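Novice: Now for the letters of each chain:
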Amino acid sequence: MSARVDVTTPEAAVPAVREPVGRRRVIGALTIALGLFIIFVFGFGSAGGAHSVVVFNPINLSSGAPWNLSNLTVLTRWWNVVLGLVALALGVETWVRRPAGALARFGVGGVMFFLALLLWSVRQPGPAPIGTINITSVLVNSSAVIMVLIFGSLSGVLCERSGVVNIAIEGQFIGGAVAGAMVDSTTNSFWLAALVGIIVGALVGWLLALLAVRYIADQIIIGVVIVTLMGSISSYLNIQVLAPYPNLNLGNQPSNVAIPLLYKIPVIGPTLFDENMFFYAAVALVALTSFGLFRTRWGLRVRSVGEHPKAAESVGINVARVRYSTVVLGGAVAGLGGVAFIATQGQFQPGITSGYGYIALAAMIFGKWKPSGAVVASILFGVSAYLVQNLQNSNVPISTEFLTMFPYLVTIAVVAGLIGRVRPPAADGVPYQRD
Amino acid sequence: MRVELKGITKRFGSFTANDQIDLVVEPGQIHCLLGENGAGKSTLMNVLFGLLRAEEGEILIDGTAVNFANSGDAVRHGIGMVHQHFMLVPVFTAAENVVLGFEPTRSFNRLDHKTANAQIHELSQKFGLEVDPDAVVENLSVGLQQRVEILKALSHDAELLILDEPTAVLTPQEIDALMEIMRSLARDGKSILFITHKLKEVRAVADVITVIRQGRVVDSVPPTESEGELASLMVGREVNLTVNKEVTPVGDVVLELRDVVVRDDRGLAVVNGVSLDVRAGEIVALAGVQGNGQTELAEAVAGLRRVESGTISLRGRDITNLSPREILDAGLGHVPEDRQRDGLVLSMSVADNLVLNTPRRAPFARRGTRNLTAVAANARDLVQRFDIRTSSIDATAGSLSGGNQQKVIVARELSRPLTCFMASQPTRGLDVGSIEYVHRQIVNQRNEGLGVFIISSELDEVVALGDRIAVMYAGKITGVVEPTTSREDIGLLMTGASVVDHV
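Keeping their order, the protein sequence lines are chains A and B.
Be aware that the first sequence starts at 1, since it is given in this note's numbering, and climbs by one per residue.
Be aware that the second sequence starts at 1, since it is given in this note's numbering, and climbs by one per residue.
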């Protein structure tokens, strides 16, 4: 019986919403365009004899590579043509049949696009391989950004499920990052840094809750103001404290903890099972949030407050208290995300979070306000952000400035166009007043 | 359980919503609270249910004074409330809604769905209210949603059940079923407080009727009192409950709908092939339970919603998918369903609201500059002609009573040359006096040869006004009948059944 009401409840509740068939056709057309682009730009755009080398062995693992996969050398043109044909076929199928899984097919097309882009960006003329792509390190290195986005989007899910829009995730990131850098540098303990980051994030969350729940201020505006405030505070601290006392901003990184046996799995092992404590915390939090929101009494009450606060109040649930506590909790999660960010990025500098708080919010929307969905979206955004950074270093004839726009363009495209209308909690962003 | 309210007084600022109200509900009694909108019924019930706190007075349960800090307290004292706007979370299941706030749990705070479902099953059996515990509430019909709401109240061992305007959203058949439920609950010893402004229902089901007017108890009477007497108690003066209409000649078709299909915000075809004619000099009333596509149809006619297919024409001119401005200029008068949201700008003055759809036209504006003298003259004229009670023409529309707000809209629409007049829920939430007035205006327009299209979910209104009655169900017209047709037959059409003698 308990399986009846699981994580899928909110989704199962929208059977009446007919996905417009026209939109699926558009997605099909986009997938076709993607396929054609891959074939003609990445495929025939590569010289006939060009090669790309794909490497699977990790570069430097704390535990050393317990396995060895030989490199794969491919003919760039023809591999990319095949990848393009896969995307093309999926696009044509989507265009003709307009299936319910149109978006998933587009996603596969997107993966093909990234793979082809990678092969193309490292192509070398002649048979002697020089440039390589290391699939394992792409994944390992993206995992840092993915982890931060997961913290952020979980924070968003928590707050918005209770009916408060948390635009201030970026501010909580900044707060956690500054505090984390300083605490870790002085105590040399990431545990203490995490604790202080959680407290700082919770305080920023409390400020948001105070203004949103108690003073019924516009949540979007105060959220943005809080981000600006935290940005200014971090600049001030940077100039007045971190710059004169560089030993408060050492840029330490936590060591990785390999999980016995599992870390030995090729490619996946180094990505998922040889990570730092923050990565494991993110994974645990996803499971915990999902369980909490959809299986427990606490979650039912939080969701009822986010959907129909009046109904919640009519059965004796204190709407303001639930919103306060959930937003503070959400702030704490994002604060921990800020510490995780600084733990993987090195020294703190103002602006270092570069809008990841907002991208996390987009990931939350893309994930349809569900922890599991937020993870998928975070992976999408995280990998594309990492790839772009990486492509800047290789021989791609696109300007760096344009490439840095890319993750944000992906965000806009995904949120505005591709997912179409998704249903947020009904009382999301609506202040509640007893009358 | 015997519940006694003693000297309850509730003020909002300088306004006294409840003034020294005394009320006693005996065990097993169906006690009706009758009063107009704004008489203070809902305020009183919110006080009794712990949602509001009274300034004076006390609540006694079986002789003991109680004090409710919130509705949870009221529930613990055996008071259950079925709200007019259901207090149900649409995306939750019936079971989740019923147990919300009182959830059975297992270890780690987990919800115990098994126990919850069993509880609901037991209640359903006991009171004969079948509901699928796993059904998602938003997929249930309104009648079933109300059943969930009642179960929710009963699940907390309610001994007194407050039903706040429970019939407003139901079909006549569902109303009958609800009354049967009320009677059977009363037989089980539950007390019922039934709040309404509908006279027929009160007389059908009540043991005692308490009438409230302007925050005070006017009288308590037995249900044998006639409808006329109840109405005058409620309003405070003699009321004419019928609309006088003379027979007038009917002219050409002014509004023609052909196979109109309209989608709602979710993309569903909620108006699915509607064809209907409104002729000059007649009132066509569109009946139907709220939510069967009437709202979307009206929006489509007014140009506020895209018409997917089909045509709408105004005196032969195709107005399908024209802009609202073009449609208004073509001669459609429109009184929207939600007057505060769509009919008025509440923060603007009465005078500005009276020219809201003609602000750019002479004499109200010239070369892009407003002529405030003309606007004020127009306002003074309309305020006087339509008897709009306002402190001044510069007062904000939001400061007016509901009835006077509606008069502003009606005055604005009728002060332009019209081909067809369309009004959605023209008297919703109005007091009896204003209803009389609006009805008279509508009939006058018809007598002067205007085609009138009324959309209403109040069966009384539809029958009183309509020269022809079209009934809408699930996006389709299920029948067009004479106003003499029995209420039962119209009720059946409202549930989708077809009736033989169409006109």
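Because the hints were derived from the structure by calculation, they are not lab data.
Treat the hints with care, as some may be off.
Unchecked claim - Not everything, but these chain B residues come out facing chain A in the computed CB check (under 8 Å):
#1 N70
#2 S71
#3 H83
#4 E96
#5 T105
#6 L111
#7 L372
If you're wondering where the values come from, they're calculated on a predicted model, not measured in any experiment.
Note that CB positions come from ideal geometry on N, CA and C, so glycine has one too.
Novice: So which of those numbered hints doesn't the model satisfy?
Specialist: Number 7 only.
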